[in-house]
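Asks: Place chain R on chain S using the hints.
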Amino acid sequence: MIQAILVFNNHGKPRLVRFYQRFPEEIQQQIVRETFHLVLKRDDNICNFLEGGSLIGGSDYKLIYRHYATLYFVFCVDSSESELGILDLIQVFVETLDKCFENVCELDLIFHMDKKFPALPEGKIQGANARELQMSEVHSAQICRHIFLLDSALLTE
Amino acid sequence: MPAVSKGDGMRGLAVFISDIRNCKSKEAEIKRINKELANIRSKFKGDKALDGYSKKKYVCKLLFIFLLGHDIDFGHMEAVNLLSSNKYTEKQIGYLFISVLVNSNSELIRLINNAIKNDLASRNPTFMCLALHCIANVGSREMGEAFAADIPRILVAGDSMDSVKQSAALCLLRLYKASPDLVPMGEWTARVVHLLNDQHMGVVTAAVSLITCLCKKNPDDFKTCISLAVSRLSRIVSSASTDLQDYTYYFVPAPWLSVKLLRLLQCYPPPEDAAVKGRLVECLETVLNKAQEPPKSKKVQHSNAKNAILFETISLIIHYDSEPNLLVRACNQLGQFLQHRETNLRYLALESMCTLASSEFSHEAVKTHIDTVINALKTERDVSVRQRAADLLYAMCDRSNAKQIVSEMLRYLETADYAIREEIVLKVAILAEKYAVDYSWYVDTILNLIRIAGDYVSEEVWYRVLQIVTNRDDVQGYAAKTVFEALQAPACHENMVKVGGYILGEFGNLIAGDPRSSPPVQFSLLHSKFHLCSVATRALLLSTYIKFINLFPETKATIQAVLRAGSQLRNADVELQQRAVEYLTLSSVASTDVLATVLEEMPPFPERESSILAKLKRKKGPGAGSALDDGRRDPSSNDINGGVEPTPSTVSTPSPSADLLGLRAAPPPAAPPASAGAGNLLVDVFDGPAAQPSLGPTPEEAFLSELEPPAPESPMALLADPAPAADPGPEDIGPPIPEADELLNKFVCKNNGVLFENQLLQIGVKSEFRQNLGRMYLFYGNKTSYSSRILTHCGPPGDLQTHLAVQTKRVAAQVDGGAQVQQVLNIECLRDFLTPPLLSVRFRYGGTPQALTLKLPVTINKFFQPTEMAAQDFFQRWKQLSLPQQEAQKIFKANHPMDAEVTKAKLLGFGSALLDNVDPNPENFVGAGIIQTKALQVGCLLRLEPNAQAQMYRLTLRTSKEPVSRHLCELLAQQF
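Here the protein sequences come in this chain order: S and R. Sequential numbering from 1 applies to the first sequence in this note's numbering. Sequential numbering from 1 applies to the second sequence in this note's numbering.
Calculated directly from the structure, the hints in this document are not laboratory data. Keep in mind that the hints are not guaranteed to be accurate.
What the hints assert, rightly or not - Going by beta-carbon spacing under 8 Å, a handful of chain S positions derived as facing chain R:
| # | residue |
| --- | --- |
| 1 | Asn9 |
| 2 | Gly12 |
| 3 | Phe36 |
| 4 | Val39 |
| 5 | Cys47 |
| 6 | Asn48 |
| 7 | Asp78 |
| 8 | Ser80 |
| 9 | Glu83 |
| 10 | Leu84 |
| 11 | Gly85 |
| 12 | Asp88 |
| 13 | Ile90 |
| 14 | Gln91 |
Where is the CB? At the ideal position from N, CA and C, for every residue including glycine.
Isolated chain S (complex conformation):
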């Protein structure tokens, strides 16, 4: 099960934060900060998994992350998820963002909240497109969709 999805830039500025467990806001910020420091000191070509920090989960949880240009995508998951599966999910997630924004970059996440795009609603998930299946397979279709809804905030007809 996915506990949290964090996206922040190279300076640790959060761009997209979604927790699936209730935390008070200060703790959330602390978690983002802690996670940032954990991944920041890691080279790009070492492994994408690391043990969760002290705040979220503990030893049963793993952080699985990818680094794209200026953004870190970090998923915090428990031991019931396949590590490689989540790694792939991140890739699919970014690809989907890319599709929506056309060449997604950090600025899109900040500024183009209003950009008009059909934000991955049911239609796409049903479309038996292998990609979206991916998402539902890791039972996160909802999750992803929700982030999109949240952070692209505003959708259209």
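Replies: Showing chain R alone in chain S's frame:
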């Protein structure tokens, strides 16, 4: 849903957002937002009814403003209105707003639930999905209460669309995870299992996720899923990469579904049906074979998908642990990955191999990779991978390679990351002890540990080396010599001084013959470190000095001079001062014989679970040490390397700090010297039953001895002997059995269960309490196959009768074998009480009368009446109860895993109301209640602060009566 070209949609919204973005300053932004809020407010309040489009637009704006970090206090009603719109986008925005902004205690919740209900019943798949997603996204208990019963129906209904089924399965999963008790099991469970056969792969995937979670609680209900999962898996695995078309991901057929199916199978033991098992083994072999094929694509997605299945397959093989052939193949496959250039695969391979190492079939195969793993430990650039390598070395260690592994880990320790040093220290210490062939090597290893990473050597580690040295006389001389040499280093770690001080104090005489380590030299060496050490170490050294006086009378004058020095006798630290004064007096008053008795060598420590292992388990959670605990590989190790108990025990060793070194135990009193003093020091060391006052042969023992050969004539004797044992009068109630308190503790937070059980008799309890009254049903079950007469008597002992009234009919009945008899008790609490009433039970078995006395599970907290109050009230009352005697506080270690939900349940079971939003720290629990007795009411406030990091709790109780505070505090503290 039609895709929309750019430029369509809500222009007003786009303008607003670009205005915000163009704001030059924070002030400008706030100004713009306030203007917009005013505008929206007037529109919502206006006379003109808004159409759906405008409502949607304004709700969107509000949402955007909220996401910018501003509070929104209106517009909820309009959003709820959108829910009943027939337009998809309007409904969607409504749901979005609800899931982001509406909290559970809103008054609108009824309207929202109504709208959701309508959508669920609408038969329009899109609307149903929207509603389901909203339920899942909110996922609160209230949502669960409202809809948990409906969703299973939608999930298994024959006419639900695939997409709806999929969403329903995931939604149910989410609700189940949030509050498992709300999801009723029922006839739908069987039908959910059949979703594994569904045509639609998405439905199957969602169903597997759901079943995997549900079957953990009720494995039997879902047992049929095994064969279905196997056949599904086999169809996927054997299909060509083109068969599944849309579900083929980079040439791998339905990889994520396969992964999930393999995970599901890991919830169960290997299939019993030979045909199913054969099919599954075939699948597993196919996956292993495919791993050897050349990749069909160079894309990382292809290899990731393929390897995800492979790793899951290997996990399943390890889980079954029954196919030697597959295990070895799995091991070889992982061995290949150990050298793979992808770091991720190396990491996962090390992790899987760690579990593989504990299987007897593959342990040897894993060992062949030792050089690769050691190399990984040395050369990996990534700390995560190095950590895994260290774990694997620990798991693959046995007597044959222990020396090599320990020396490698020691070497790694010098450069290891600070974060994992302590763990490595613990692991080295455990391996060194467990696989030590000769103890000189063990002592060397531990001293090396202290030298290399002294700061990370926790108390447990050096206590342990002392325990072992004390218990084994063949190593004492060597240990003394080694620590003496180690102490000669100009700078040595304080832990080294502690170990050195203790060992020389005990066994310094063994090396005193050598002029290089003569007593004066030993003393001056130790004393040269004295001033650099902390108080605790100095205290330990003072004890060493007094031991020296006994071992080496020639040093007496020197040591007495040291003790007499102003810096000791008038030391600001109370402990040091006391020791100096008492030791000085002891050494001058007591005769040599007395001294020799008081300061005798410490007796061997009782064998118990290694304190280090207990610590590692605490650090890593249960199962961490399992590779070593099971003792399967090396059963002979235990007796040789005494100390490490093979049985994994979750009970941590009581901290030996006080007993081992006597730092906190009272120093030997000078006046009545001799053995009393020594006994005082030792009594804590023997934490066994010897210290308990003997209660005579317990009934339990009597039962056990009775059990073995049921004398052939006994049933006859029973039936033929109707003469009852004399009815026990109230004064006949014997002392409660030793475990009575423990049994009682189990019932502090619950009312029903089994109070007592042995081979002959089971006593069950059902009880309910209201105000100051309670009713309890006791069920006595005769577990033997013979009829027996059971007599009971219960009541509050002695003076308790004025506090608690218990009315019952005495049971005196003939109970057939396997039957049970019931007893009803009416209980009234007159005043607050501390001791529970007693229950005495007598019966005959095999001609012998049996008796046992239990404590009835009636504790003061049963008469709690939960009280809800607001934070303000709570704090006001908390302040009113500020007298020191009204408060009882306890800080204690967690005995159970620290789970917030479990804690909550326990506190509720304890009887108090749980108050949310009172404590500023949400991790803490705050409760309030009133204890109802006939004579008076006792208001009671409690606060429980868990500290997950330290695995400790702090519990504070404030009540208006002092003994009640203390008693409640003690009762509750034992529950965590």
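Asks: Are Leu84(S) and chain R close enough, Cβ to Cβ, to be under 8 Å, as the hint says?
Replies: holds, 4 Å
Asks: Are Cys47(S) and chain R close enough, Cβ to Cβ, to be under 8 Å, as the hint says?
Replies: Status holds, d = 4 Å.
Asks: Min Cβ distance, Asn9(S) to chain R: is it shorter than 8 Å?
Replies: Violated. Min distance 18 Å.
Asks: Go through the hint on Gly12(S) and say holds or violated, using the shortest Cβ distance to chain R against 8 Å.
Replies: Since chain R brings no Cβ nearer than about 18 Å to Gly12(S), farther than 8 Å, the hint is violated.
Asks: Hey, does the Gly85(S) contact hint survive, CB to chain R under 8 Å?
Replies: holds, 5 Å
Asks: Close enough to count: is the Cβ of Glu83(S) nearer than 8 Å to one in chain R?
Replies: Holds, about 6 Å.
Asks: Holds or violated: the hint that Val39(S) contacts chain R, with Cβ atoms closer than 8 Å.
Replies: violated, 11 Å
Asks: Double-check Phe36(S) for me: the hint is only fine if its C-beta lies closer than 8 Å to a C-beta in chain R.
Replies: violated, 16 Å
Asks: Holds or violated: Asp78(S) as interface residue toward chain R, Cβ cutoff 8 Å?
Replies: Because about 11 Å separates Asp78(S) from the closest Cβ in chain R, which is outside the 8 Å limit, the hint is violated.
Asks: At a threshold of 8 Å, is the proposed contact between Asn48(S) and chain R supported by beta-carbon distances?
Replies: holds, 6 Å
Asks: Holds or violated: the hint that Gln91(S) contacts chain R, with Cβ atoms closer than 8 Å.
Replies: This hint holds: Gln91(S) lies near chain R, its Cβ roughly 7 Å from the closest one there, short of 8 Å.
Asks: Does Ser80(S) pass the interface hint, meaning its C-beta sits closer than 8 Å to a C-beta of chain R?
Replies: holds, 7 Å
Checked against the numbered hints above, the structure breaks hints 1, 2, 3, 4, 7, 13 and satisfies the rest.
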